[in-house]
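Trainee: Chains as they are written, first to last, in the numbering used here: chain A, 548 to 661; chain B, 686 to 800.
Since the hints were derived computationally from the structure, they do not count as laboratory data. Fair warning: there could be bad hints in the mix.
Said to hold, decoys possible - The calculated DSBU-like cross-link candidates involving lysine-lysine, where the alpha carbons are at most 35 Å apart (straight line), are: (1) B/712 to A/605; (2) A/589 to B/712; (3) A/604 to B/712; (4) B/736 to A/653; (5) B/729 to A/569; (6) B/712 to A/653; (7) B/736 to A/589; (8) B/712 to B/736; (9) A/589 to B/756.
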Amino acid sequence: GENVEQHPSTLSVQEGDSAVIKCTYSDSASNYFPWYKQELGKRPQLIIDIRSNVGEKKDQRIAVTLNKTAKHFSLHITETQPEDSAVYFCAAHNSGGSNYKLTFGKGTLLTVNP
Amino acid sequence: NAGVMQNPRHLVRRRGQEARLRCSPVKGHSHVYWYRQLPEEGLKFMVYLQKENIIDESGMPKERFSAEFPKEGPSILRIQQVVRGDSAAYFCASSPPGLPYNEQFFGPGTRLTVL
Numbered sequence: 548g549e550n551v552e553q554h555p556s557t558l559s560v561q562e563g564d565s566a567v568i569k570c571t572y573s574d575s576a577s578n579y580f581p582w583y584k585q586e587l588g589k590r591p592q593l594i595i596d597i598r599s600n601v602g603e604k605k606d607q608r609i610a611v612t613l614n615k616t617a618k619h620f621s622l623h624i625t626e627t628q629p630e631d632s633a634v635y636f637c638a639a640h641n642s643g644g645s646n647y648k649l650t651f652g653k654g655t656l657l658t659v660n661p
Numbered sequence: 686n687a688g689v690m691q692n693p694r695h696l697v698r699r700r701g702q703e704a705r706l707r708c709s710p711v712k713g714h715s716h717v718y719w720y721r722q723l724p725e726e727g728l729k730f731m732v733y734l735q736k737e738n739i740i741d742e743s744g745m746p747k748e749r750f751s752a753e754f755p756k757e758g759p760s761i762l763r764i765q766q767v768v769r770g771d772s773a774a775y776f777c778a779s780s781p782p783g784l785p786y787n788e789q790f791f792g793p794g795t796r797l798t799v800l
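Starting from the given sequences, assemble the full structure and let the hints guide the process.
Mentor: Listed below in structure tokens is the structure:
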């Protein structure tokens with residue numbers, strides 16, 4: 548089955564700096580990679596996703612890159628703000644088969660210091 | 686537009702009791718997923734259901750756990766004879782039918798505490 552590794556487990560940055568979180572996956576058939584943000588005690592919320600037919604996607608201060616050959620993908624947050632502080636999860640999914648489940652990384656606790 | 690609803694939000698059970706967790710998907714969504722989140726860990730897939738069918742239960746413990754998504758009403762995750770190790774947050778997610786749409790919308794979760 549799919550295995551997703553996520554690094555780092557914790558990340559502390561100063562407000563205004565950039566933050567990068569990296570994930571690797573094992574199943575070359577995976578073709579959909581969402582990123583979820585989870586604030587303390589709240590539900591995971593999708594912030595950005597990328598499909599395997601593109602290498603990069605950007606939405607304002609957030610971008611995701613995908614390297615299919617190396618089987619890794621990264622989340623980039625620029626000009627970080629205190630409200631970006633949360634746990635971020637990457638996930639991988641094979642939408643071509645009958646298995647719809649998401650396999651998640653263990654999460655990265657991002658702290659943005661004012 | 687109501688999102689995914691889960692109830693109860695918090696559930697306390699003593700060892701040996703039963704826990705029933707409910708999930709109402711987004712209106713029009715026919716796919717329901719259950720995930721478990723242990724403290725300071727990621728979400729682990731448990732089961733994927735469509736109306737009246739279990740599609741993939743590869744993440745469900747073999748005993749004491751069961752799930753259903755009846756034709757009418759919410760999806761239910763049932764844990765019989767709970768043990769302390771069942772204490773976790775249980776999240777339900779839903780997605781609309783048809784490929785290649787993949788986004789899963791998560792509910793607020795049920796936090797189960799086993800005393």
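Trainee: Does each hint hold? Answer for all of them.
Mentor: Right, here's what the structure says about each hint:
1. Annotation: proposed proximity of residue 712 of chain B to residue 605 of chain A holds, straight-line Cα distance about 29 Å (limit 35 Å).
2. Between residue 589 of chain A and residue 712 of chain B, the direct Cα distance comes to roughly 21 Å. Compliance with the 35 Å bound is thereby established for this hinted pair.
3. A C-alpha spacing of about 29 Å is found between residue 604 of chain A and residue 712 of chain B, which places the hinted pair at or below 35 Å, so the restraint holds.
4. With a CA separation close to 30 Å, the supplied pair residue 736 of chain B and residue 653 of chain A stays within the 35 Å bound.
5. A hinted pair counts as satisfied when its Cα atoms are at most 35 Å apart, and residue 729 of chain B with residue 569 of chain A qualifies at roughly 19 Å.
6. Distance hint between residue 712 of chain B and residue 653 of chain A is fulfilled; the C-alpha atoms sit about 30 Å from each other, no more than 35 Å.
7. A distance of roughly 27 Å separates the Cα atoms of residue 736 of chain B and residue 589 of chain A; the hinted pair therefore holds under the 35 Å criterion.
8. With a C-alpha separation of about 13 Å, the suggested pair residue 712 of chain B and residue 736 of chain B falls inside the 35 Å cut-off, and the hint holds.
9. A hinted pair counts as satisfied when its Cα atoms are at most 35 Å apart, and residue 589 of chain A with residue 756 of chain B qualifies at roughly 29 Å.
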